[in-house]
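Protein chains: 2
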Amino acid sequence: MSAGGNYMSDARYQALPGFRDLAPQEYALRTYLLDAWRKVAHRYGFVEWEAPMVEPTDLYLKKSGGELPTQLFRFKDQGERDVSLRPELTASLGRIVATRHLDYNKPLKWYEIGPCFRYEKPQKGRLREFVQFNADILGEAGEGADAELLALAIDCMRELGFKETDFVVRVSDREVWLQYAAQHGIPEERAQDFLSVIDKLERDRPEISAEKLASFGLAREQVTDFIAHPPAGVSPRYDVVREELKARGLSNYVQLDLSVVRGLAYYTGLVFEIFDQAHSLRAVAGGGRYDGLISTLTDGSVDMPATGFAMGDAVIAHLIEACPEARARRDAALAPHTCDVCLVLAAPEMRSSMLSLASTLRDAGVRVDVPLSQSKLTKQLRHAERCGATYAAVIGTEYPSIELKSMATRESRRIPLEQLICELIPH
Amino acid sequence: MSAGGNYMSDARYQALPGFRDLAPQEYALRTYLLDAWRKVAHRYGFVEWEAPMVEPTDLYLKKSGGELPTQLFRFKDQGERDVSLRPELTASLGRIVATRHLDYNKPLKWYEIGPCFRYEKPQKGRLREFVQFNADILGEAGEGADAELLALAIDCMRELGFKETDFVVRVSDREVWLQYAAQHGIPEERAQDFLSVIDKLERDRPEISAEKLASFGLAREQVTDFIAHPPAGVSPRYDVVREELKARGLSNYVQLDLSVVRGLAYYTGLVFEIFDQAHSLRAVAGGGRYDGLISTLTDGSVDMPATGFAMGDAVIAHLIEACPEARARRDAALAPHTCDVCLVLAAPEMRSSMLSLASTLRDAGVRVDVPLSQSKLTKQLRHAERCGATYAAVIGTEYPSIELKSMATRESRRIPLEQLICELIPH
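Here the protein sequences come in this chain order: A and B. Taking this note's numbering, the leading residue of the first sequence gets 1, the next gets one more, and so forth. Taking this note's numbering, the leading residue of the second sequence gets 1, the next gets one more, and so forth.
Hints are supplied without guarantee of correctness; some may be wrong.
Which copy is meant is left open, because identical chains are indistinguishable; a pair holds if it fits in one copy or across any two.
Stated by the list, open to error - Below are the SDA-like pairs computed for lysine to any residue, each with C-alpha atoms no more than 20 Å apart in a straight line: (1) 106 with 27; (2) 246 with 47; (3) 121 with 78; (4) 39 with 57.
It should be emphasised that the hints constitute simulated quantities derived from the structure, not laboratory data.
Next up, chain A with everything else stripped away, as it sits in the complex (with noise of 0.2 Å):
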């Protein structure tokens, strides 16, 4: 083996813009974060549902608006079919629960974790190939839902080690900002565009949103003023979803901000965003209500009352990086522990001897390295300790008597072999 390394700078031995080789170490951080979302989801009674990669672009066209289309990974396939990688799971969702809900109990709670792609400037936190966690409860229209949902995401955020001082979930509600549009006058035809306005206020440049709010008889400090100082009980929604999280414990976590709007145009209800709390990243997750979207999807012939959100892996990545807690939570779990016993061959005659034995504890769950070759006895136990083995056994001629080390405690014991597997298999 020779190691080169022109190859390493050269375009073509790389991954394109924005998307990742995962190598084993790499990969493991990916586990772990997607081993905490799949455990939090199972402990609020979610499953899990797979849609496909590649989907008709109809199926995006018709539901987000929004910048999506632009971002989409489209392309005719070879049978002439206008496609694309999917950029979210929504439109997807739709149409299985569309085609699906009778075979299951309502409401229905499903997650879904897998790649989404997006073109967009890869940058901090943006990639083109994400992975996304998605969380919806379907049939159910209730603020119980959106509380379940809530917690659920903040619940995440707790089992990878972060706290209140952490991160904030900023809650909003699309029919405050409706009411608001009706009562300053603005017609109904124009209430979606009023609130792209408010969606952006905060990215905007002042000038520009002011002169944008003219174009609807406001006046941006109006406008700024309401969001400093929303008026008590402006959305009752909030305020049940506020004592359900309160009788959770997790009522700390949340705030009415109404400057969160979300930019797709299906969102109904109740909308909420995950920032860290220095807001010095792009939103962790972000979801809501769309009660009216299955509907569209099907051309009103199911209709069913929604709610959900979606955590990507990319901010959150970041963000464990820079909360000291949350890195050490996951170094800890990501301790190198790739098999409990390597067996070691002293004597290269006992080979067959070792091989059996290998496939006894494979057989009864024990994870089991062998030396492939024959090698040098050092060469060999240093493999067992870098793979992070509980044990090095070692066979030798004495064979059925067994050597085996601790690595930990770098002690030794001579044991015969039915004791060995009596200690190693689990029970």
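With chain A held as given, fit chain B onto it using these hints.
For chain B alone, coordinates are given in the frame of chain A:
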């Protein structure tokens, strides 16, 4: 909620041909299979990695030959790059190993489980998006690596409940054919073409292969005789591997079958395919040694021996259905069991107490379902039954005294809150 019917037969509300919608019931079947693969890979000390779903098309054109380039989902991205959805994983693996191998102990024992995409005619056991399990050993040239890999493949089948009478591993050796070609005066530059003819021998009509073989100066019978009665010791590699498998108690699963060649040009030594014994389905798995590939992919910068196999999820799903023992094992693993305890609210005014209890239990890792809105007691208890809960816990005005009902025995006990928490939290 209304359930129209027309949308279900409308193509707009279906996944693309060869792609799958996996509602939770179907997803659970996939999870069963993927968990089995993962479990066995871990027993063998393999670690997981992952590649991008989209790669530069060059990666596939450079490497393989065969029919793969005609089956690509290939397109230009918004940056005018010629890209393809990954049809297989070995090309990406080569790149990642070439750039990262210095970070890892040799031999590398790496596996991957994820979607692949091929534009083929969808039929039984063949989809356009399928999940592939890839296992590879890199950095070990000896037959010990081939045997370890074959044992892993066999144990994946055994883990799923398949026996000797259900499947067979047909092992072949490309070196045998290269020697055969040399001995029969076939020039080196035509050797790959000769291998392609052998590869198609089972599928081509006899007169077609006779004609093809005549162009190499060979009679068809001559070749089929050689396959039917391979001379003893014709593949020393196979003999070593067989001995290693015998020591592991796995030699009954393999047979030397020189008709196996594998389509792709990059294989160099031992190759194998797993078939159902009736040979009524496509190959369940296939693989072999590809010692030259890493060097080819890096223009000679990194040279590393390698052997690997891939196993798809589509054929094996059919095989599980067809094999009573495998099916029974799967169904037993799939028993519905999405939550440990369903909280049932008998008195609406106790909702906060119920939510607080749900939080306590979930924080301790218990899987808990709660009613999201108020509904009748009977309806809530029916839900507890359907979601496969172990217990229903009825919270009423007697709280903190709670009625705990076992869903299996139908027995109810009234116990205090503290006792409930103690009993439900896993120790």
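Using 20 Å as the alpha carbon limit, work out where residue 106 and residue 27 are close: within a copy, between copies, both or neither. between (36 Å within a copy, 18 Å between copies)
With identical chains, the pair residue 39 and residue 57 could be close in the same copy or across copies; at 20 Å between alpha carbons, which is it: within, between, both, or neither? Intra 33 Å, inter 37 Å, cutoff 20 Å: neither.
If the cut is 20 Å between Cα atoms, do residue 121 and residue 78 qualify within a copy, between copies, both or neither? between (28 Å within a copy, 11 Å between copies)
Treating 20 Å as the Cα threshold, decide for residue 246 and residue 47: within, between, both or neither. Neither way: residue 246 and residue 47 sit 26 Å apart in one copy and 42 Å across, limit 20 Å.
Violated hints, listed in ascending order, are 2, 4; each of the other numbered hints is respected by the structure.
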